[in-house]
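Asks: Guided by the hints, dock chain Z onto chain B, whose structure is given.
2 protein chains.
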Amino acid sequence: MPLSMYQISVPAFVRGLKVLSDLLKKGEAFAEEQGMIPDVLFNASLAADMMPLSAQVQHACDTAKMSVARLSGVKAPSMEDNEATFQQLQERIDATLAYLESVGRELVDQAESKEITLNWEAIQPTFGGADYQISFGLPNFYFHLVTAYGILRSQGVDIGKIDYLGPYPQ
Amino acid sequence: MPLSMYQISVPAFVRGLKVLSDLLKKGEAFAEEQGMIPDVLFNASLAADMMPLSAQVQHACDTAKMSVARLSGVKAPSMEDNEATFQQLQERIDATLAYLESVGRELVDQAESKEITLNWEAIQPTFGGADYQISFGLPNFYFHLVTAYGILRSQGVDIGKIDYLGPYPQ
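Sequence lines, in order, name chains B and Z.
Counting with this note's numbering, you get residues 63 to 232 for the letters of the first sequence.
Counting with this note's numbering, you get residues 63 to 232 for the letters of the second sequence.
Excised from the complex, chain B in its bound form (with noise of 0.2 Å):
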């Protein structure tokens, strides 16, 4: 079977919320033993001026939601960011998740050569849809789950290399 875009971009994704998810049920246990109050991890950060741990997983999932929707030409369930609690969060990767799994692969197949211009303020860059996927999609989305990582790991969180990398093959 030849490689396809659906499997550079839904696999992919699946995968990597899946494994946020996991890394933040970790994350919430942690806060507990501690008895550290849920908004600290909630709202840490790498740096002052970065965004804290709750709106990087609010971008994992964006990131996710909207190169499968410009890819596949499926609107995306709209997401509100406000949640405030991690059972929130892991509302928002399963409702992520649930429209991933729903979007069939033939249309995100055929968005090999599809025009994709992003409306930003300064610049509309236009891409390919596979140069869509390859360098903006795909390396965007491990920003926001490597950072989500980064964050917890700072905080003490009791993570490793493994739990990033997920389940491998049998």
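The set of hints was computed from the structure by calculation and includes no laboratory data.
Some hints here could point you the wrong way.
Since copy identity is lost for identical chains, a pair holds within one copy or between any two.
[What the hints assert, rightly or not] Taking lysine to aspartate or glutamate pairs in the EDC-like style, the calculated list, with each CA pair at most 16 Å apart, reads:
(1) 223 <-> 111
(2) 223 <-> 183
(3) 137 <-> 163
(4) 88 <-> 225
Replies: Below, chain Z without anything else, positioned relative to chain B:
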């Protein structure tokens, strides 16, 4: 042109390593401006038991190099992990880029279903080539790139998301 193993491997790693090189240049300039001993930035990490900046750069290079070596069968140059200056880290990135750019496209493209087994102590997982790159090579590479970014940011280096995302199509 159908999506290829080469496209999701070599150009993605090359792009990321060039971003890493630029981030390190800004880090080095920052250390000089601040009159910081360069070793402070070089040895900074996000947690006491996480690898420092220098090792994140070494591992980003190795993940790119070893992924392409495993996929293509083209032996990668060995590197000693003895870099002690920013200049030496840049040379390591350059040597990795030279290797990546030397590997023939067709050798990577034919690796889609090639079996790749990792020889770790605890487990020896076997991946198909495409799964290896999508679920191990790329996530692992971005782990080290994003962690290097996070270390620089957490130490006050004046970089932002746009530096991580790198150049866009014009």
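Asks: Could you run down the list of hints and mark each one as holding or not?
Replies: Status of the hints after comparison with the structure:
1. 223 <-> 111: Close across copies (11 Å), not inside one copy (26 Å); limit 16 Å.
2. 223 <-> 183: Intra 37 Å, inter 15 Å, cutoff 16 Å: inter-copy only.
3. 137 <-> 163: within (13 Å within a copy, 38 Å between copies)
4. 88 <-> 225: Classified as within; 10 Å inside a copy, 31 Å across copies.
Hint compliance for this structure: no hint is broken.
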